[in-house]
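So you can see what is in the structure, the chains are spelled out below.
Number of protein chains: 2
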Amino acid sequence: MQKNMEKLELVIGYRFKKKKLIEEALTHPSCDNGISYERLEFLGDLVLDAIVGIQLFKEHPSAPESFLTDLKAAYVNRKYLHKTGENLKLHKFIQHRTSEVPSLDNFIEAIIGAIYLDGGWKRAEGFIKKFILNKKIEPIQNYKNILSSIVRRDFKTEPVYEIESEKGPPHKKIYVVKVRIPGKRYVGRGSAGNKKDAGMAAAKELLKKLGIT
Amino acid sequence: MQKNMEKLELVIGYRFKKKKLIEEALTHPSCDNGISYERLEFLGDLVLDAIVGIQLFKEHPSAPESFLTDLKAAYVNRKYLHKTGENLKLHKFIQHRTSEVPSLDNFIEAIIGAIYLDGGWKRAEGFIKKFILNKKIEPIQNYKNILSSIVRRDFKTEPVYEIESEKGPPHKKIYVVKVRIPGKRYVGRGSAGNKKDAGMAAAKELLKKLGIT
Numbered sequence: 048m049q050k051n052m053e054k055l056e057l058v059i060g061y062r063f064k065k066k067k068l069i070e071e072a073l074t075h076p077s078c079d080n081g082i083s084y085e086r087l088e089f090l091g092d093l094v095l096d097a098i099v100g101i102q103l104f105k106e107h108p109s110a111p112e113s114f115l116t117d118l119k120a121a122y123v124n125r126k127y128l129h130k131t132g133e134n135l136k137l138h139k140f141i142q143h144r145t146s147e148v149p150s151l152d153n154f155i156e157a158i159i160g161a162i163y164l165d166g167g168w169k170r171a172e173g174f175i176k177k178f179i180l181n182k183k184i185e186p187i188q189n190y191k192n193i194l195s196s197i198v199r200r201d202f203k204t205e206p207v208y209e210i211e212s213e214k215g216p217p218h219k220k221i222y223v224v225k226v227r228i229p230g231k232r233y234v235g236r237g238s239a240g241n242k243k244d245a246g247m248a249a250a251k252e253l254l255k256k257l258g259i260t
Numbered sequence: 048m049q050k051n052m053e054k055l056e057l058v059i060g061y062r063f064k065k066k067k068l069i070e071e072a073l074t075h076p077s078c079d080n081g082i083s084y085e086r087l088e089f090l091g092d093l094v095l096d097a098i099v100g101i102q103l104f105k106e107h108p109s110a111p112e113s114f115l116t117d118l119k120a121a122y123v124n125r126k127y128l129h130k131t132g133e134n135l136k137l138h139k140f141i142q143h144r145t146s147e148v149p150s151l152d153n154f155i156e157a158i159i160g161a162i163y164l165d166g167g168w169k170r171a172e173g174f175i176k177k178f179i180l181n182k183k184i185e186p187i188q189n190y191k192n193i194l195s196s197i198v199r200r201d202f203k204t205e206p207v208y209e210i211e212s213e214k215g216p217p218h219k220k221i222y223v224v225k226v227r228i229p230g231k232r233y234v235g236r237g238s239a240g241n242k243k244d245a246g247m248a249a250a251k252e253l254l255k256k257l258g259i260t
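Chains as they are written, first to last, in my numbering: chain A, 48 to 260; chain B, 48 to 260.
In case anyone wonders, no lab produced these hints; they're calculated from the structure.
Heads up, a few of these hints could be off.
Only part of the chain B face toward chain A is listed, based on derived beta-carbon distances under 10 Å [what the hints assert, rightly or not]:
id, residue
1, Arg86
2, Gly166
3, Ile210
4, Arg232
5, Tyr233
Computed footprint of chain B on chain A; a stretch qualifies when at least three of its residues, placed anywhere within it, have a C-beta under 8 Å from a C-beta of chain B [claimed, not checked]:
id, region
6, 93 to 99
7, 112 to 118
8, 226 to 239
Being a predicted model, the structure only gives us computed values, none of them experimental.
Ideal placement from N, C-alpha and C gives every residue a C-beta, glycine not left out.
Just chain A, with the same shape it has in the complex (with noise of 0.2 Å):
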């Protein structure tokens, strides 16, 4: 155990002082031994989200929030997080007793937070900075600000949303959302299994209509 944390510290380029800390970051709740990740994740949680939010701020400096917020997402969402993990190897490293090996979000969540506690803001931020924040990635568009936006703009209203119509069985739903501008024309449809991503296609649609994307 020893030699293997020592390992994970060569990996992730920094040495712990209390190494009951990345010994809790690394334990899955399924471990039952009075020790685990989960308050670990909460702070580490917040401190990447504040990070990787005052990074992108500074970095685009004339950029919408709407931008700002979706950039953000695409570095912190579970699956970035998870490929963040595997590229660390973190599966060789994690302690659980789950059948499957867990996601590896929290952990890389856990670790960050671990890091913050040991060594402060700054070393927390070289860690975010050296395996997240590494890698230019495009926006996870949301495409229902991106059409807000827009239709403010050029048309002084807000798009409007409705359900069209509810197929399935109540845990199997296909929603199918319309979304319109007032007194225009113009209409998007999508659909999907929850009312969020149908409208989204929606509103992906509509921007097509409207020559955006």
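Model the placement of chain B on the given structure of chain A, informed by the hints.
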């Protein structure tokens, strides 16, 4: 305007080096004059979350993550922040062109973003401790989380939620959600205008039947 800003600086106990920042923080997008609080709100939201979370983490060294999450939610939710804005009489200082006074929570976040940019982390922390963390409040209880942890502990399983019915027109639906514990007879029901709140009410009822709340 100049005079007014000086009054606000007295109220919040912070004097800005860059006066443009506080002006930006107090300008609602409806003014349509090229500045708006939106970017500062993005920043302030993250700084607020991190500072409150870190503080609660330290103050409650043995509390589970779910307690920290719920207590943080009590301090950073829209309603509480709007109330904070009312206490500071922010409506006297903001600029907007909406017919009603806009909700004040976004301005509070933008002010935090502005203080952070102008004076750094410590000064933002000072504002938050003085006006937001100054009251002892109860966690916003997430009954679904509480139920889950109890059902895991006592029954080694997870509660199961089902939408029992949906009534009313699409824009005014009432959802009835049922929650049960697999293999047991305990059932809770709740209804609300959205699935989340209906599930929360169902969990609360089941917790009552289990003798918890």
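Violations among the numbered hints, reported as their numbers in ascending order
Violated: hints 2, 4, 5, 8.
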